[in-house]
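Undergrad: Taken in sequence, the protein lines are chains U and P. Counting along the first sequence from 1, when you hit position 3 you're at 3 in the numbering used here, and nothing is skipped either side. Counting along the second sequence from 1, when you hit position 22 you're at 22 in the numbering used here, and nothing is skipped either side.
Please note that a few of the clues may not be correct.
No farther apart than 25 Å at their CA atoms in a straight line, the calculated lysine to any residue pairs in the SDA-like style are these [said to hold, decoys possible]: (1) U:Lys106 x P:Arg9; (2) U:Lys106 x U:Glu58; (3) U:Lys68 x P:Phe45; (4) P:Lys57 x P:Ser27; (5) U:Lys106 x U:Thr45; (6) U:Lys106 x P:Thr113; (7) U:Lys106 x P:Ser27; (8) U:Lys5 x P:Ser27.
Far from chain P by the CB rule (all over 10 Å, computed), these chain U residues [unchecked claim]: (9) Ser8; (10) Asn22; (11) Asp55; (12) Val78.
Quick list of the computed label-pair ranges, beta carbon to beta carbon [as the list claims (entries may be wrong)]: (13) U:Ser51 x P:Arg30: 18 to 26 Å; (14) P:Gly62 x U:Glu15: 44 to 52 Å; (15) P:Thr38 x U:Phe46: 20 to 28 Å; (16) P:Thr14 x U:His72: 41 to 49 Å; (17) P:Arg55 x U:Gln3: 16 to 24 Å; (18) P:Ser79 x U:Ser12: 36 to 44 Å; (19) P:Asn77 x U:Asp55: 26 to 34 Å; (20) U:Asp31 x P:Ser79: 15 to 23 Å; (21) U:Glu42 x P:Pro61: 24 to 32 Å; (22) U:Tyr39 x P:Ile12: 17 to 25 Å.
Since the hints were derived computationally from the structure, they do not count as laboratory data. Predicted, not measured: the structure shown is a model, and the values here were computed from it. No residue lacks a Cβ here, since even glycine has one placed at the ideal position from N, Cα and C.
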Amino acid sequence: DQQVKQNSPSLSVQEGRISILNCDYTNSMFDYFLWYKKYPAEGPTFLISISSIKDKNEDGRFTVFLNKSAKHLSLHIVPSQPGDSAVYFCAASASGGSNYKLTFGKGTLLTVNP
Amino acid sequence: KAGVTQTPRYLIKTRGQQVTLSCSPISGHRSVSWYQQTPGQGLQFLFEYFSETQRNKGNFPGRFSGRQFSNSRSEMNVSTLELGDSALYLCASSLAGGTYTGELFFGEGSRLTVL
């Protein structure tokens, strides 16, 4: 039972255009969401996060949108650059209780073509 | 400030053997988590330690175990290796482990191949 789903295994965009990566979740207890980026042979690195009390968080070229009623979040990258080519993981956590783990999606491989 | 260090980076084992992986967290970080990444499966949570105590455990068989030392360094052990244990094992550290307050810092991982 996959609680965090990234239904697009891959996405290809042109340099300068917008990249939109999508993520859906099923667990209503999730209240904090994160995006990680992973290059080959490296560990994932934190990109941006959003709390469930917000519907948008922006950091430079990266914006995450959260639609709680749809249990959906998306990561927008504008403008996309070739260096953004990586695997992007969506992750979620629940703050209640003693839950100290992130639940990850399977990732989306983003390729930005020059 | 040094990042999360995992050793060894690569290793090859045969079925039935056991393996121990090591993780040194960022200085000052007291929480260490372990994740398994396999092709097409994303990252799956193994366990999390804080101050030498396991606070949470994922849905893995008992062959997977871990521990944390007083200096916050952590090890994970997999006994009686199976072919399906071939994966990238990632260690992540954070100040206190509360994922709702911040992010995890990952190491580069230990790539285990079981033949």
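Undergrad: Work down the list of hints and note, for each, if the structure agrees.
TA: How the hints compare with the structure:
1. Straight-line distance between C-alpha atoms of U:Lys106 and P:Arg9 comes to about 22 Å, which keeps the hinted pair within the 25 Å bound.
2. The hinted pair formed by U:Lys106 and U:Glu58 meets the criterion: a straight-line CA distance of about 23 Å does not exceed 25 Å.
3. With a C-alpha separation of about 24 Å, the suggested pair U:Lys68 and P:Phe45 falls inside the 25 Å cut-off, and the hint holds.
4. Between P:Lys57 and P:Ser27, the direct Cα distance comes to roughly 24 Å. Compliance with the 25 Å bound is thereby established for this hinted pair.
5. This hinted pair checks out: U:Lys106 and U:Thr45 have alpha carbons roughly 15 Å apart, not beyond 25 Å.
6. At roughly 20 Å between alpha-carbon atoms, U:Lys106 and P:Thr113 fall within 25 Å of each other, so this suggested pair holds.
7. For the given pair, U:Lys106 sits about 30 Å from P:Ser27 by alpha-carbon distance, which is inconsistent with the 25 Å threshold.
8. With a C-alpha separation of about 33 Å, the suggested pair U:Lys5 and P:Ser27 falls outside the 25 Å cut-off, and the hint is violated.
9. Against the 10 Å criterion, U:Ser8 stays outside the reach of chain P, whose nearest CB is about 13 Å from its own CB.
10. No Cβ of chain P comes within 10 Å of the Cβ of U:Asn22; the nearest lies about 15 Å off, and the non-interface call holds.
11. No Cβ of chain P approaches the Cβ of U:Asp55 within 10 Å, the least distance being about 17 Å, so the stated non-interface status holds.
12. Interface exclusion of U:Val78 from chain P stands, the closest Cβ pair being 22 Å apart, more than 10 Å.
13. At roughly 23 Å, the beta-carbon separation of U:Ser51 and P:Arg30 lies within the given 18 to 26 Å, and the hint holds.
14. Remark: the range hint 44 to 52 Å for P:Gly62 to U:Glu15 is upheld by a beta-carbon distance near 49 Å.
15. Restraint check, P:Thr38 to U:Phe46: a C-beta distance of roughly 22 Å satisfies the suggested window 20 to 28 Å.
16. P:Thr14 and U:His72 have their C-beta atoms about 44 Å apart, which keeps the hinted 41 to 49 Å range intact.
17. Look at P:Arg55 against U:Gln3: about 19 Å separates their beta carbons, and that is inside 16 to 24 Å.
18. Taking the beta carbon of each, P:Ser79 and U:Ser12 are about 42 Å apart, inside 36 to 44 Å as hinted.
19. Between P:Asn77 and U:Asp55 the Cβ separation comes to about 43 Å, which falls outside the hinted range of 26 to 34 Å.
20. The supplied range of 15 to 23 Å is broken by U:Asp31 and P:Ser79, whose beta-carbon atoms lie about 36 Å from each other.
21. For the hinted restraint 24 to 32 Å between U:Glu42 and P:Pro61, the CB-CB distance of approximately 28 Å keeps it satisfied.
22. Checked against the given bound of 17 to 25 Å, the beta carbons of U:Tyr39 and P:Ile12, roughly 23 Å apart, stay inside it.
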